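Engineer: Using the sequences plus the hints, can you model the full thing?
Chains as they are written, first to last, in my numbering: chain U, 1 to 222; chain V, 223 to 335.
Quick caveat, the hints were computed from the structure, so don't treat them as lab data.
None of these values were measured; they are calculated from a predicted model.
Hints are supplied without guarantee of correctness; some may be wrong.
[What the hints assert, rightly or not] Here are a few chain V residues that sit away from chain U, every Cβ distance over 12 Å (derived from the structure):
#	residue
1	Leu233
2	Phe268
3	Ala300
[To be verified] Now the stretches of chain U that chain V is said to cover, found in silico as 3 or more residues with beta-carbon under 8 Å:
#	stretch
4	2-12
5	114-126
[Claimed, not checked] Calculated pairs, EDC-like style, for lysine to aspartate or glutamate (alpha carbon to alpha carbon, straight line, at most 16 Å):
#	chain 1	residue 1	chain 2	residue 2
6	U	Lys184	V	Asp308
7	U	Lys198	U	Asp172
8	U	Lys146	U	Asp172
9	U	Lys7	V	Asp330
10	U	Lys149	V	Asp308
11	U	Lys12	U	Asp128
12	U	Lys149	U	Asp177
13	U	Lys12	V	Glu326
14	U	Lys184	U	Asp145
15	U	Lys7	V	Asp230
16	U	Lys7	V	Asp252
17	U	Lys198	U	Glu158
18	V	Lys243	V	Glu301
19	U	Lys146	U	Asp128
20	V	Lys243	U	Asp4
21	U	Lys12	V	Asp238
22	U	Lys184	U	Glu158
23	U	Lys184	V	Glu320
24	U	Lys146	U	Asp177
25	V	Lys275	V	Asp230
26	U	Lys7	V	Asp238
27	U	Lys12	U	Asp96
28	U	Lys12	V	Asp230
29	U	Lys7	V	Glu326
30	V	Lys243	V	Asp335
For glycine and all other residues, C-beta sits at the position ideal for the given N, C-alpha and C.
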Amino acid sequence: MRVDIAKGILEKNDSLAEENRRVFAENGVFVVDLMASPGAGKTSTILATIAALRDRYRIAVIEGDIASRVDAEKISAHGIPAVQINTGGACHLESDMIRRAVAALDLAELDLLIIENVGNLVCPTDFDLGENAKVMILSVPEGHDKPQKYPNIFQVAEAVILNKYDTLAYFDFDEADFRGVVTKLNPTAPVFPMSATKGEGVDAWAEWLAARIDAARTGESA
Amino acid sequence: MHEMGICDGILSASFDAASAKGAACINSIDVTIGELTEIQEEALQFAFSVLTKESIAEDSVLNITILPARSRCADCSAEFGHGRFDATCPECGSYLCELLEGRELRIDAIDID
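Structural biologist: Structure below.
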């Protein structure tokens with residue numbers, strides 16, 4: 001006997017993500033999901049973003065890693081609330097992990113929640129967490145060919161940060177080729193060259209993010 | 223890379239539907255996967271063979287339909303099929319296109335006894 005199901009395979013994840021989205025909106029919290037390879041500079045980008053925006057917005061961070069509290073401790077040292085999720089081997093965050101992590105935060109006292117996904121260019125792309133925007137970071141040493149090798153992550157991201165831009169002279173990184181492929185994959189995504197640890201180029205990214213946060217508040221976009 | 227988790231989602235929905243009908247066994251499960259997802263067909267079949275062991279789906283077949291990507295041009299409204307890298311409107315050359323199909327992860331139906 002044939003039984004029709006016609007359901008999303010990730011329906012449980014997606015419905016919990018929608019619930020997260022509703023809770024975030026109710027509390028006026030803008031949520032950004034940062035995705036990148038291990039070592040691309042996700043935590044450094046978060047620290048630079050905090051430095052640029054902490055006077056304007058109340059910020060908290062959820063750190064996703066397979067193991068350790070290293071990243072959450074780095075964030076907490078700057079006086080920013082940080083919750084560490086250890087996925088215990090899982091290659092990406094899921095919406096239920098976010099729901100449980102958020103319980104440790106006072107959402108009513110927040111404007112911006114930054115989620116650092118597990119370092120991986122593949123798996124995080126298929127999972128909605130309830131965020132307002134997914135953003136991906138590529139670092140110069142990883143090579144300009146990554147959009148060709150991992151197209152999906154460049155397609156789901158609303159903005160692309162090109163980190164470690166200060167090292168451009170030392171690597172065989174063809175910026176024009178990189179930008180050309182990113183534009184083909186995702187014509188509307190801005191590319192922000194940045195050196196997170198040196199603070200160069202952070203302002204353009206921070207202003208883009210601030211504009212998105214303010215637009216979400218005034219209801220221009222969700 | 224996350225086919226085990228995806229397969230777990232397929233099986234939990236299938237087991238729920240099968241037990242609601244009082245099924246003794248599941249013969250087959252039909253799913254549709256969009257070409258632009260990060261799902262690899264062989265890895266999904268492998269996960270399925272592992273996760274169905276000692277269950278009512280142990281002897282079942284996983285039928286995977288891969289759905290090609292389709293988009294609509296935001297400039298001229300033409301609809302067209304494409305791969306990962308060539309989502310360019312064949313009519314007017316615009317890159318601004320809205321994806322219509324290609325990111326599906328769907329369980330269509332099961333066959334039970």
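Engineer: The structure should be examined with respect to each hint, and the outcome stated for every one.
Structural biologist: Do the hints match the structure? See the list:
The claim that Leu233(V) lies off the interface is violated: its Cβ sits roughly 10 Å from the closest Cβ of chain U, which falls inside the 12 Å cut-off. Every C-beta of chain U lies more than 12 Å from that of Phe268(V), the closest at about 16 Å, which supports listing it as non-interface. With a minimum CB-CB distance of about 16 Å to chain U, Ala300(V) clears the 12 Å threshold, and the non-interface call stands. With 11 residues having a beta carbon nearer than 8 Å to a beta carbon of chain V, the stretch 2-12 of chain U meets the requirement of three or more and the stated coverage holds.
Given as covered by chain V, the stretch 114-126 of chain U passes the check, having 5 residues with a CB less than 8 Å from a CB of that chain where 3 are the minimum. For the suggested pair Lys184(U) and Asp308(V), the alpha carbons sit about 8 Å apart, so the restraint of at most 16 Å is met. Taking the CA atoms of Lys198(U) and Asp172(U), the gap is near 21 Å; set against the 16 Å cutoff, the hint is violated. With a C-alpha separation of about 13 Å, the suggested pairing of Lys146(U) with Asp172(U) holds against the 16 Å cut-off.
The hinted pair formed by Lys7(U) and Asp330(V) meets the criterion: a straight-line CA distance of about 7 Å does not exceed 16 Å. About 14 Å separates the Cα atoms of Lys149(U) and Asp308(V), which keeps this hinted pair within 16 Å; it holds. Our distance criterion of 16 Å between C-alpha atoms is met by Lys12(U) and Asp128(U), whose separation comes to about 11 Å. About 13 Å separates the Cα atoms of Lys149(U) and Asp177(U), which keeps this hinted pair within 16 Å; it holds.
At most 16 Å may separate the alpha-carbon atoms for a hinted pair to count; Lys12(U) and Glu326(V) meet this at roughly 15 Å. Our distance criterion of 16 Å between C-alpha atoms is met by Lys184(U) and Asp145(U), whose separation comes to about 13 Å. With a C-alpha separation of about 14 Å, the suggested pair Lys7(U) and Asp230(V) falls inside the 16 Å cut-off, and the hint holds. Simply put, Lys7(U) and Asp252(V) have alpha-carbon atoms about 11 Å apart, close enough for the 16 Å limit, and the pair holds.
This hinted pair does not check out: Lys198(U) and Glu158(U) have alpha carbons roughly 24 Å apart, beyond 16 Å. Between Lys243(V) and Glu301(V) the alpha-carbon distance is near 40 Å, which puts this suggested pair outside the 16 Å criterion. Restraint check for Lys146(U) and Asp128(U): not satisfied, since their Cα atoms lie roughly 22 Å apart, outside the 16 Å limit. The straight-line distance between the Cα atoms of Lys243(V) and Asp4(U) is roughly 12 Å, inside the 16 Å bound, and the hint therefore holds.
About 13 Å separates the Cα atoms of Lys12(U) and Asp238(V), which keeps this hinted pair within 16 Å; it holds. Note on Lys184(U) and Glu158(U): the hinted pairing holds, with a Cα-Cα distance of about 14 Å set against a maximum of 16 Å. Taken as a hint, the Lys184(U) and Glu320(V) pair is honoured in the structure, with Cα atoms around 13 Å apart against an allowance of 16 Å. For the hint linking Lys146(U) to Asp177(U), the alpha-carbon distance of about 11 Å falls within 16 Å, and the restraint holds.
Among the hinted pairs, Lys275(V) with Asp230(V) is consistent with the structure: their alpha-carbon atoms are about 13 Å apart, no more than 16 Å. For the proposed pair Lys7(U) and Asp238(V), the alpha carbon gap of about 12 Å is at most 16 Å, so the pair holds. Note on Lys12(U) and Asp96(U): the hinted pairing holds, with a Cα-Cα distance of about 9 Å set against a maximum of 16 Å. Annotation: proposed proximity of Lys12(U) to Asp230(V) holds, straight-line Cα distance about 11 Å (limit 16 Å).
For the hint pairing Lys7(U) with Glu326(V), the CA-to-CA distance comes to about 10 Å; that is within 16 Å, so the pair holds. Between Lys243(V) and Asp335(V), the direct Cα distance comes to roughly 9 Å. Compliance with the 16 Å bound is thereby established for this hinted pair.
When held up to the earlier numbered hints, the structure conflicts with 1, 7, 17, 18, 19 and fits the remainder.
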